[in-house]
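Engineer: As a plain string of letters, each chain reads:
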Amino acid sequence: MQSLTSTAYPQTVNRFVFPNGIVLITIENQAADLIAGRIFLKNAGSGWESRAKAGLSHLVAAVLTKGTTNLSSVEIAEQVESVGASLSADTSADYFLLGLKTVAADFAPMLQLAGEILRSPSFPEAEVKLEKKLTIQSIRSQQEQPFNVAFNHLREAIYPEHPYGVSVLGTEATVSELTRADLLEYHQTYFRPDNLVISLAGRIDQQQAINLVESAFGDWQVPDHPLPQKTLISLNSNPSQQLIFQETQQSIIMLGYLVAAVTSKDYPVLKLISTYLGNGLSSRLFVELREKRGLAYDVSAFYPTRLDAAPFVAYMGTAPENTAIAIEGLRAEVERLSTNKLTDMEIQGAKNKLLGQYALGKQTNGEIAQIFGWYESLGLGIEFDSQFQQDVTQVTPETIQAVVDRYLDKPYLCVVGPNLNLDLN
Amino acid sequence: MQQIKLSERLKQIQFLANTFRLDSGLTVIHQHLPATPVVVVDVWVKAGASVEPQEWSGMAHFLEHMIFKGSSRVATGEFDWVIENSGGMANAATSHDYAHFFLTTSASYLTDTLPYLADIVLNASIPQEEFLCERDVVLEEIRSSYDDPDWLAFQALCQSLYQRHPYRRSILGEEEFLLQHTPEQMRCFHRTHYQPENMTVVLVGGIEQEIALSLVNQTFAEFSVRSECPPHQIEAELPLTSIRRHELQMPRIEQARLLMGWIGPGAERLEDGIGLDVLSIILAGGRCSRLVRELREEKQLVLDICSDFSLQRDSSLFTISAWLEPQYLKTVETIICDRLAELQTTPITEVELARAQRLLGNNYIFSTETPGQLAGIYGYYNTIATAEQSLVYPLTLNRLQPKDFQRLANQYLSPERYAVTVLKPL
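Chains as they are written, first to last, in my numbering: chain A, 1 to 425; chain B, 1 to 426.
If you are wondering where the hints come from, they were derived from the structure by calculation, not from laboratory data.
Only a predicted model underlies this, so the values are computations on that prediction, with no experimental measurement involved.
Hints are supplied without guarantee of correctness; some may be wrong.
[To be verified] List time: in silico DSSO-like cross-link candidates among lysine-lysine, alpha-carbon distance up to 30 Å:
id : chain 1 : residue 1 : chain 2 : residue 2
1  : A       : K230      : B       : K299
2  : B       : K403      : A       : K129
3  : A       : K133      : B       : K299
4  : B       : K46       : A       : K53
5  : A       : K133      : B       : K330
6  : B       : K424      : A       : K129
7  : A       : K230      : A       : K292
8  : A       : K133      : B       : K424
9  : B       : K299      : B       : K403
10 : A       : K53       : A       : K133
11 : B       : K330      : B       : K424
[Claimed, not checked] Quick partial rundown of chain A residues pointing at chain B, CB under 10 Å, derived from the structure:
id : residue
12 : A77
13 : D106
14 : L243
15 : K265
16 : D266
17 : N279
18 : F302
19 : L355
[Claimed, not checked] Computed footprint of chain A on chain B; a stretch qualifies when at least three of its residues, placed anywhere within it, have a C-beta under 8 Å from a C-beta of chain A:
id : segment
20 : 162-173
21 : 227-235
22 : 272-279
23 : 380-390
Note that CB positions come from ideal geometry on N, CA and C, so glycine has one too.
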């Protein structure tokens with residue numbers, strides 16, 4: 001059976017580079033009366049933070065839209081909300097993002113506003129103070145969700161030195177020390193045209209897009225100092241086990257592995273393995289642990305796309321008395337991949353599912369702008385979209401087994417729940 | 001001038017889907033989107049938690065799980081495999097007013113996959129062994145929702161707000177009832193409600209009308225032999241006469257929650273519902289809104305605050321929810337009540353109304369981008385009202401005037417009659 005691929009969507013992705021280094025990606029789509037924009041700062045994001053300043057990118061994102069040299073927080077909000085647009089800043093591990101969405105007619109003034117926000121934010125002292133306080137409350141609130149507690153501990157164990165080890169929010173200790181001066185410095189370091197990827201999808205053609213970007217960003221000069229380089233932190237797998245007591249109704253069991261970056265040749269193989277194990281109603285973990293044994297409602301696996309070595313996680317929530325069985329069940333399913341070669345039918349099924357869902361993940365203009373802008377900002381180029389799909393079709397049972405043996409040997413383990421006397425061996 | 005504008009607008013948002021009633025009584029809604037290679041099929045059944053007999057609580061949702069266990073012709077797991085192996089996705093959801101089952105697939109595979117969906121929905125066999133195993137899954141789902149403080153607080157608010165109507169029920173049901181349910185009872189529930197007059201099949205995407213209708217005619221043909229459940233009662237909810245206060249304490253939580261709820265109009269008064277949607281935006285939609293500006297940005301009493309209007313068939317739900325430090329609970333509740341009282345006495349400004357209309361109008365455009373979103377809107381409206389009423393939304397929205405909101409606030413959002421649930425750290 002052949003599966004859906006993105007070639008089924010007649011999309012033309014245009015790429016244009018401005019003299020000041022801005023990369024503009026335009027995907028024209030006349031279907032709906034809207035334009036979605038994703039403006040990436042490629043060499044930025046929480047992955048670029050030192051441990052002492054964890055949470056800085058997030059705080060910049062929270063305060064960024066709350067004042068420019070010409071506009072107050074209220075004026076910005078009024079400009080955006082009076083045309084029913086959305087405009088918000090966000091950070092992730094590998095990039096910093098300003099996202100916007102408007103009906104087509106309102107796009108030009110919103111992009112102009114985005115330009116002003118990116119180029120001359122004022123980071124008002126009072127707004128810094130407010131957003132710091134709210135961020136610290138959000139960090140505490142993360143403790144309320146057992147899944148977050150488990151993932152936070154697992155992440156910290158896998159990445160003891162690396163910024164991937166901390167939530168993008170930072171920690172109470174680091175956020176409370178951040179100052180307006182830190183935000184200004186962050187802005188000076190990372191907000192520059194040669195660090196910008198602008199990705200637009202919707203009712204706009206490339207020439208219109210070029211004109212709008214020229215008007216909002218064309219005269220932005222590249223500063224004299226070079227783009228910052230990332231401090232390389234070597235990563236080694238050193239599995240550990242953690243038991244976190246919480247008075248919950250369910251135990252959360254999480255197995256984690258340190259695996260490969262998006263740039264690795266193993267990336268498509270690991271995406272296929274995580275699809276096979278944990279994606280959808282026909283996935284191996286779902287069928288074996290939920291459908292056949294009734295152990296869980298939520299049981300899954302995920303492997304995020306990252307510029308440095310990413311985590312690979314398999315997890316489930318189950319009644320506390322089933323904790324030991326669940327750990328054993330998850331482990332056995334991962335180990336089985338090493339001892340039993342997958343059948344051709346299993347692999348073809350996983351490929352069809354992965355490629356089908358990948359295509360279905362590019363339906364809205366927001367999704368389309370995001371994926372191409374993201375690949376460009378990661379340094380993979382817009383061609384990665386088709387390259388990735390091509391690579392997935394090439395995966396064989398042998399490559400799967402080799403990759404499993406390379407990365408999925410011994411897991412980091414984290415259990416959150418009310419059982420204190422669990423014997424983890 | 002005014003008239004020209006209005007007629008243009010009308011043309012812009014004409015109902016692009018077609019509705020059909022088949023001989024069996026089944027409703028079919030179709031919209032052809034020639035540019036998309038995908039088809040979404042969304043089957044809506046008026047068989048949500050509201051039609052459960054009292055002691056069968058949780059049955060509608062549990063049945064939704066059991067549908068996926070197959071029929072006499074489709075083995076357990078076979079449906080999931082067929083759909084996902086052809087690059088598609090399927091899932092389902094249950095609420096008080098409905099259960100629905102949806103499938104996204106490449107247009108070229110629809111003839112292969114749709115018969116499976118139709119057969120499991122119409123002819124679920126509900127085998128005993130699978131029933132017992134899946135019950136454990138549902139119990140895990142309940143357990144995990146008990147670990148979610150926001151779910152718990154919302155559940156408590158609904159129970160307090162609805163004293164008689166089944167909207168007070170948890171859709172997931174309770175463990176003690178679930179353990180008493182039998183496969184025979186579930187089959188009876190299924191055969192009573194999964195009948196053509198209760199169902200709407202929506203197809204949106206790269207499929208032409210004639211082919212779509214012929215496919216539905218073939219696949220949604222054999223319904224189960226009818227059965228009759230024990231009767232269920234849906235009692236109209238009496239208006240609140242006072243403040244119903246409820247306080248919960250929970251370990252492990254870092255923030256208190258303040259949830260305030262009001263009973264809104266039913267789907268037959270859609271226009272009032274749209275007005276309340278506007279009020280939820282004016283109160284707490286975005287940084288310009290009254291409560292976000294005052295309580296989060298200026299007085300800094302809340303971590304976050306939002307307001308939501310949720311349209312339901314018999315009586316809708318209007319809520320205001322805040323996350324905050326426990327010491328501010330009383331102050332924040334008092335301020336919210338003061339602001340609601342102001343809505344009754346003072347008209348909202350033209351600027352506020354224009355902003356809310358623009359925002360909701362755009363949200364409507366933004367939420368009809370994909371075939372899945374369109375199918376969802378048509379099916380939902382056809383289940384609680386009629387599909388064509390999904391069109392009323394933008395028209396009514398733009399007709400509302402500032403004075404309308406004083407009446408709506410008076411009628412629905414009383415600061416003296418509401419339910420409030422407070423969740424505090426233990």
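Engineer: It remains to establish, for every hint, whether it holds in the given structure.
Structural biologist: Hint-by-hint comparison with the structure:
1. K230/A with K299/B: With a Cα-Cα distance of about 40 Å, the restraint between K230/A and K299/B is violated, given a limit of 30 Å.
2. K403/B with K129/A: violated, 39 Å
3. K133/A with K299/B: holds, 13 Å
4. K46/B with K53/A: The given pair, whose Cα atoms are some 53 Å apart, is violated under the 30 Å limit.
5. K133/A with K330/B: It holds: about 21 Å lies between the C-alpha atoms, which stays within 30 Å.
6. K424/B with K129/A: holds, 26 Å
7. K230/A with K292/A: At roughly 47 Å apart (the allowed maximum being 30 Å), K292/A and K230/A break the hint.
8. K133/A with K424/B: holds, 20 Å
9. K299/B with K403/B: Holds, at roughly 29 Å.
10. K53/A with K133/A: Roughly 16 Å between the alpha carbons, so the hint for K53/A and K133/A holds.
11. K330/B with K424/B: Satisfied, since the Cα-Cα distance of roughly 12 Å is no more than 30 Å.
12. A77: holds, 4 Å
13. D106: Since the shortest Cβ distance to chain B is 9 Å, the answer is holds.
14. L243: violated, 16 Å
15. K265: Hint violated; K265/A Cβ to chain B Cβ min 24 Å, cut 10 Å.
16. D266: violated, 23 Å
17. N279: Hint holds; N279/A Cβ to chain B Cβ min 8 Å, cut 10 Å.
18. F302: Where the cut-off is 10 Å and the nearest Cβ of chain B is about 16 Å from F302/A, the hint is violated.
19. L355: At 6 Å from the nearest chain B Cβ, L355/A passes the 10 Å test, so the hint holds.
20. 162-173: violated (count 0)
21. 227-235: n = 0 at 8 Å, threshold three: violated.
22. 272-279: Result for this restraint: violated, n = 0.
23. 380-390: Our answer is that it is violated, as 0 residues pass the Cβ test (under 8 Å) against chain A, missing three.
Of the numbered hints listed earlier, those contradicted by the structure are 1, 2, 4, 7, 14, 15, 16, 18, 20, 21, 22, 23.
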